[in-house]
Amino acid sequence: TAGDEPVPEDLPVPVDAKRSAPTAPMLTKPLKKGRTAYFIFADVKRAEVQAAHKGEGVAVQARATGQLWAALTTEERAVYQNTAAEEREQFAKEWAILKEKGLLPDADAPASSQVGLVLPVARVRKICKLDPDVRGMSKESLLLITKSAELFTQCLGTESVRVAQLQNRRKLLPEDVAQVCSSRDPF
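Everything in the sequence shown is counted per the numbering used here, starting at 2 for the first residue and increasing by one.
Since the hints were made in silico from the structure, they are not lab data.
All C-beta atoms in this analysis are idealised placements derived from N, C-alpha and C, irrespective of residue type, glycine included.
All the given hints hold, so there is nothing to weed out.
With a Cα cut of at most 30 Å, we get these calculated DSSO-like pairs of lysine-lysine:
#	residue 1	residue 2
1	K100	K172
2	K33	K94
3	K46	K172
4	K33	K172
5	K33	K102
6	K34	K100
7	K172	K34
8	K172	K94
9	K140	K127
10	K33	K46
11	K130	K140
12	K33	K100
13	K127	K148
14	K94	K34
15	K46	K94
16	K148	K172
17	K130	K148
18	K34	K102
19	K34	K46
Derived DEER-like restraints, expressed as beta-carbon distance ranges:
#	residue 1	residue 2	range
20	C156	L99	24 to 30 Å
21	S149	E77	53 to 59 Å
22	K46	L152	43 to 49 Å
23	L152	E77	46 to 52 Å
Start from the sequences and build out the full structure, keeping to the hints where you can.
Structure follows, in structure tokens:
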């Protein structure tokens, strides 16, 4: 076919091809963290479980997969755990390469580089005026309080996510925020 033939280099490049050329290096695929041993096992056994429980819901299939996983011996699980360890190592290598190339956002960037406020200033003013000792507020003090509240909320959220990740969860729970407030010095 015509699309499979090589294009001579002396032909002019179409304008659309020039525009679509990336100016900065881009990731070819999204970087994914390594799977756990259970999820590797579930991927391997998915077709078998679906065939055995044809027409049944996902919950039934998940329960069957869990029962198969529970029935494995430690030697059989070790195969999947080794594969999971290899995937984690591969992720760490790819992460380091991307960090060296500067393709990851810098975590050490100062927070003041973020322009604008997210919290509504008028609402912060109303909350401040609820205090009977506050009679008036300057614009600068209101902006300072608003920015401080944003930074506090951002740090609290970041630390709460870390607590959830330490427990291998993606979902944040109120207990995570309580744990951050009770155990971390800045809070």
